[in-house]
Amino acid sequence: MRPGIQLLRSGRSIDVRPKVLEFSAHRIPLCLRLQQRRNITSDEKPLPESEQPKGPNQDQLPHVSEEAAATGDITGEGGPDVEQGSPVQEILKRDQKSQEKAPKVLQEELKASSPKGSRSYSTSTPRRAQAMIDPESAEVQNQGHIFGLPELPLPSTSHLKHRYDPVIHQVTNLLMQDGKLSKAQRNMAMILERLRTAPPPTPDPRHPLILGAPPTNHLPLNPILYLTLAIDSVAPLLRIRSQKGAAGGGVALQIPIPLGLRQRRRTAVMWILDAAIKKRTKGSGRAMFAHKIADELIAIVEGKSTVWDRRGGVHKLGTAARANLSFGNRRR
Amino acid sequence: MVEVNVKGAKKTFTKKKKKLQKVDRGKKPAVGERKALRKRVVLSNTNALEVEGLKDITAQSMIDDSLRGHVLAIPGPVVDQLRAVEAFKVTQGWPLFRRPSMLIRKDTLDMATEIENISLGIGDKTIRRVFVGERGSGKTTMLLQAMTMAFLKDWVVINIPQAQDLILAQTEYGPLPSTTPTLYTQRTYTASLLNAISRANPILQTLQLSQPPAENEIPIPVPPNISLSRLALLGAEDPEIAWPIFELLYRELTLPDRPPLLLCMDGLAHAMRNTHYISNTYQPIHAHQFTIIKWFLDHLSGTSPLPNAGLVLASTSESNSPVVPALKLALGQLEGNSAVRKDPFAKYDERVLGVFEGGGVEVKRMGGLSKEEARGLMEYWALSGVVRQRVDDGFVGEKWCLSGGGCVGELERAVVRMRV
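So the sequences go chain by chain: R and F. Here the first sequence is numbered in full-length UniProt numbering, starting from 1 and rising by one per residue. Here the second sequence is numbered in full-length UniProt numbering, starting from 1 and rising by one per residue.
Which residues of chain R face chain F? A partial, calculated answer using Cβ under 10 Å:
1. F147
2. Q185
3. A189
4. M190
5. I224
6. R280
7. G283
8. G285
9. M288
Don't read these hints as lab results, they were simulated from the structure. Note that the structure is predicted; figures quoted are calculated from it, not measured. Where a beta carbon is used, it is the ideal one built from N, C-alpha and C, also for glycine.
Using the sequences and the hints given, assemble the complete structure.
Right under this line is the structure:
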């Protein structure tokens, strides 16, 4: 069937997209990007309230004394104190009848103007309301603090589970074998020490590092930046998914899939580990594994590593298969 | 076997080729090369910043109380001497900084005063001391600091860098004739020790042999008026005569008008038990039957006094130390720890207890740094570019607490080697 002539449409659709201001990760200087925003569960963000009606055992009647307190409030008699259990003496003072029937000891106590064997010290516990001193009152602020009060909100690194740099955290976990985290952490420390003491790398213009990288002679004194730079520079932007049978005739279709930041880094680290394990050990002892990885990282910055070829291969395949990009979209 | 590829017909079985295994044809490292790389002591990091205004420690400034909590650099010639006696250890943090430097802590100043007094002939002639303390509290570094100051004062230093080397059966041994119980010499080790003594103590070049040795004492002719340095090298070149030469050299060093001596040993517990060597009756040999260990322990126990005064220092280890109940008991009692009692069921080595029986051995427990000292050290780290944080009271207090009250090794782990 022939399509009817459509005057108002051009033969080919033209996409006119407003140019979006590119806020890509590459534009932000590396030093600023290193401190990632980490979302942490905290008290600042209370759990959302459910909008559904309450269940059968929610929203029940208050406790007896709470009810009595409420009644006392209304009548003006002043019922029991909810904050505290009310002492028997207090009830006796209010109630004449029960005073007569009270035990002798209590009756004598009531008659006496002051207790006979009064102690020089107090045995009563302070009321909770008094114990909770308002932290913003002038009294507290005037007290000296040895190190001053911390600035709020606390930095994300002071959270127990997020105290390390995100790259360090991720790479350490990827180094781990058989769940031995402590060993992986020791290896990580040795990698950083190797980066610190190795001579500064000479960069290769054919394999440029990511934008915003400082001059390479600054790197050894900032080994975490060194590590991040090597990993981020060699990290692939995409992976290739082979969709079985999508090309027809049982042939797999190569579809490029973009990767997120952590995924990119993970791929790069796995490539680095692959390359490092194949290296020959020069010395002996427990530092050798760490040294091989550190040497591979240095080789990346110097553009000598084979990981660059691996990255180039994936990107080339991605470019070749970009026509298949729409396949994934069509299915949705 | 013919493979017939007819549609529908079954393929005949074909044997798959075995995959060729990758053979590493690269050059293999030479014998001992890998170990040498592992044991290599690196004392400089060209990446680290040079600390401005870093002063060298000198014979005059080492007793200056105002330098407490400061870091002073070790002068170049002394570094070479310390290298020769193997005072630097691989596990220490030297490779992180531009040049080897040391913190002047209270114990260092005390030691400096003692060295000064002994040099001037005031007070005790000989101090015999064992350093104990937590792992990473600076016991080995105290030995290094003592050696540094002794070199600055032109003393003669004899250092046994690790007692374990003497008992592991990795160096050759042989019985010493006409000794009961049989003593054993380690000639190769003695030769290397003589070499270290000769290279580390340039003062030996100025000292001469006082009288020619007896005929049957040394198997080779020794020229008269030979310098002690040359004498030591004679022994270093020929392991056969290393032990007689060592004895002769030591006798010469204890003559009147010779410089004071500093004797050091690290890893004391290893020298207090049976070795891995065996006797001709297939019994393990006790460490005290080895001449070098016996020579050192005689000085530690006070059996052989040092006529020209000096220091005898030993250090225990917490990370590489066999369990020796007798040593633990003796050191605990000497330290005045009332909680250390004799266990009725444990076996105590009488020979080990005998070392400390004579009295006069001090046990010095290395504690943590004070906050001021910790701050001085951390400022040095920051100036070297190793620490990137601002060093203020809060930071110092936090790390000081984190390191268990200023344990130096832990402080370094928390500040320099932490993965933050």
